[in-house]
Amino acid sequence: MSNAAAMRPGRPALPEWVRRLPEYLMIWVPLLLSAAHLVSFSLWTIWISFTPSTLVPVTGWVGFRNYTAVAASRNWQIAFDNLLLFGSAFVLLSAATGLILAILLDQRIRGENVLRSIFLYPLAVSFVVTGTVWSWLLNPGLGIQKLVHDLGWTSFKFDWLIDRDMAIWTIVVAAIWQSSGFAMALFLAGLRSVDSDIIKAAQIDGAGPVRTYRRIILPSLWPITITVVVIQLQFAISTFDLVRALTNGGPGIATQLPALVVYDLMFQRSLLGRGAAAAVLMLLILLAVLLPYAAWRYIQRRRAAHA
Amino acid sequence: MPDRSFAPSRILIYLAVFLIAAAWLAPLVVVVLNSLRSNEEIAQGSMIGWPQHVAWRNYAAAWSGFCVAETCAGIRPYMLNSALVTIPATILSTLLGAIAGYAVSLWRFRGDNWIYGIVTLGLFLPQQMRLLPWTIVLRDVGLINTLTGLVLIHTIQGLSFTTLFCRNYYVAIPPELIRAARIDGAGFFRIFWRIILPLSGPILIVTVIWQFTHIWNEFLYGVTFTTGQQQPVTAALIALSAAVADIPQHGVQSAAVIIAALPTLLIYLLAGKYFVRGLTAGAVK
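Chains as they are written, first to last, in my numbering: chain A, 1 to 307; chain B, 1 to 285.
Hint data in this document are derived by calculation from the structure and do not stem from the laboratory. Warning: the hint list may mix true and false statements.
Beta-carbon label-pair distances, calculated as ranges [as the list claims (entries may be wrong)]:
1. B:A7 - A:A201: 19 to 25 Å
2. B:I136 - A:D195: 53 to 59 Å
3. A:V29 - B:L121: 14 to 20 Å
4. B:G185 - A:I109: 36 to 42 Å
5. A:L84 - B:A83: 35 to 41 Å
6. A:A304 - B:I183: 31 to 37 Å
7. A:A294 - B:L262: 37 to 43 Å
8. B:Q52 - A:A294: 53 to 59 Å
Over the 10 Å line for every Cβ pair with chain B, so calculated as not near, a few chain A residues [as the list claims (entries may be wrong)]:
9. I78
10. F80
11. F119
By construction, the Cβ of each residue, glycine as well, lies at the ideal position given by its N, Cα and C atoms.
Construct the complete structure from the given sequences, taking the supplied hints into account.
Shown next as C-alpha cells:
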C-alpha cells in the first residue's frame with residue numbers, strides 16, 4: 001500500500017519510519033502521555049501512602065500505619081458515615097426524581113422540550129455555583145426560613161444548614177437539584193426505546209396505563225437504572241466542590257466527605273502519607289462500586305452475544 | 001395511547017410537571033432577582049424577593065469593582081483566567097482526542113486496545129489520586145500557579161473523554177473507506193484531514209461542548225494548583241464568599257455568580273441538544 005507512494009517519482013528516498021515519524025508521534029505521544037500519567041501517578045500515590053511522608057515525599061516504609069491512622073481519625077469516620085448516608089439518599093432520590101420526571105414527560109405533554117431543558121440546565125453550571133446559591137436559599141437567616149418569617153409565620157423552622165444532624169441533607173437536596181435531570185435524560189431515552197408494539201398489545205389486552213408501566217415499561221428500564229445508580233454513586237464518592245461551596249464541611253465537621261478529608265490532609269495539614277492513604281481509600285470505595293458493575297456489564301454483553 | 005384532552009388525570013400531570021419545573025427554576029430566578037437588588041435591600045428582608053430599585057450597578061461592581069483578597073478588580077481577571085485555560089485546553093484535548101480516537105478505531109496498530117483501555121481508565125480514576133503527582137510535576141517544570149499548568153492538566157486528563165467520544169463515533173465509519181484511501185496512497189494525516197474530519201462535525205461539537213463545560217466548571221485543580229491572581233473563576237467565587245463573610249454583599253455576589261455561570265449556561269441554551277448527547281454518550285461508556 002505505502003509502496004505505491006514510495007515509488008512515486010520525485011520523492012526523496014527517506015526510510016519508511018522517518019517518513020512516518022510525524023504520524024507515529026501524533027498517535028503515540030498523547031496516548032502514551034495519558035496512559036503513562038494515569039498509571040505512574042496512581043502507583044506513585046499508592047507508594048506514598050506507605051511512606052512516612054509529611055511535608056515532602058520521603059522514602060521509607062511504614063506499612064499500613066497511614067491507613068490505620070486515617071481510618072481511626074474522627075474526620076474520616078464522619079466522612080465515611082456521611083458518604084454512606086449521602087451516597088444512598090442522593091442516589092435513590094435522584095434516580096426516583098429522574099424516573100418520575102421522565103414518566104411525566106413521556107405523557108405526550110405540550111412544551112416537553114422547554115420542560116426538559118428546565119430540568120437539565122443545572123447540569124450546565126458548576127457545583128460551586130450550585131453550592132453557593134443553595135447556601136443562600138438554605139441559610140435560615142437569609143433564605144427560605146427568613147422569607148416565611150417575614151411573611152408572618154414566625155415559628156416556621158428550616159435550619160438544616162446549621163443543624164449538625166441535618167446539614168448533610170442540604171447537600172442531598174442541592175445534589176438532587178443539580179443532577180436529577182441527568183437521570184431523567186437517560187430514563188426518558190429508555191422509555192422511548194420500549195417496543196411500542198408490546199405496549200399496544202398490552203393495551204389491547206385491557207391493561208390500563210398504571211398496569212402497563214408496572215408490568216411492561218418499568219421492568220425494561222432496570223439496566224438503565226443500574227447505569228444511573230453507578231454514575232451517580234461515582235459522583236457521590238468524589239463530591240468536593242459542592243460541599244466546599246455549600247457547607248465547607250460544617251457546621252464543625254458535620255458534613256465532611258472523603259474528598260474533603262484528602263484535601264485537608266494533603267494541602268492543609270501537609271500529611272502527604274495520610275492524604276495519599278485517604279485517596280487510595282477513596283479509590284477502593286469507588287472500585288467496590290465499579291468492579292461489580294464492570295462484571296455485570298461483561299456478563300450482559302456475553303449474554304447478548306450468545307443470544 | 002395517552003390523549004391530548006384535558007381529563008382530570010391530564011390536569012394532574014400538568015400540575016405536577018409545572019410545579020417541579022417551578023422548583024427547578026426557583027434558584028435561578030432568586031439569584032437573578034438578587035443580582036438586581038442592592039445589598040441593603042437584601043439585608044433588610046431575605047434573599048428571596050422582588051427588586052424595589054433595580055440595582056444594575058451590582059453587575060458593574062461584580063465585573064470590575066469589588067475586592068477578592070487584596071485586589072479590587074472584580075471578577076473580570078478570573079473570568080479571563082478561566083477563558084485562557086478553558087479555550088486552549090478544550091481545543092487541544094479535542095484535537096488530540098480526535099486523532100487518537102481515529103488512530104485506535106480505524107488505523108489500528110499494535111497494542112492499540114491496551115493503550116485505549118488504559119486511557120479510558122482515566123474516566124474513573126478519582127482526581128485525588130493525581131493531586132500530589134501533578135503538584136510535583138508542575139513544580140518541577142515550573143508551571144505551578146500558572147494558567148499554562150492548568151491547560152496542560154486539562155488537556156492530558158481530557159484525553160480520556162475526548163478519545164473515548166471520538167473513538168466510539170469513528171468505529172461506525174466503514175473501514176473499507178480507509179482501506180481504499182490507503183491503496184490510493186493517502187497517508188495517516190491525509191485521510192484524517194480529507195475523510196475523517198469532514199465526517200466529524202457532530203462528534204466534535206459534542207466533545208467541544210463537553211470539554212468546555214467541564215473545564216470551565218472545574219474547581220479542585222484550580223484551587224489546588226493556583227492561588228490569588230492566577231485562579232479560575234470557580235475558585236475565585238469561593239474566595240469571594242470567604243472575603244466578604246463579615247459584611248456580606250449578596251447583591252454583588254449574586255451578580256458575580258450569574259456572570260461566572262453565564263458562559264456554560266449560554267452554551268447549554270444554544271446547543272442543548274449536543275450537550276445532552278454528550279451527557280448520555282459519557283454515560284454509556
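*Which hints from the list above does the structure break, by number from lowest to highest?*
Numbers 4, 11, in rising order.
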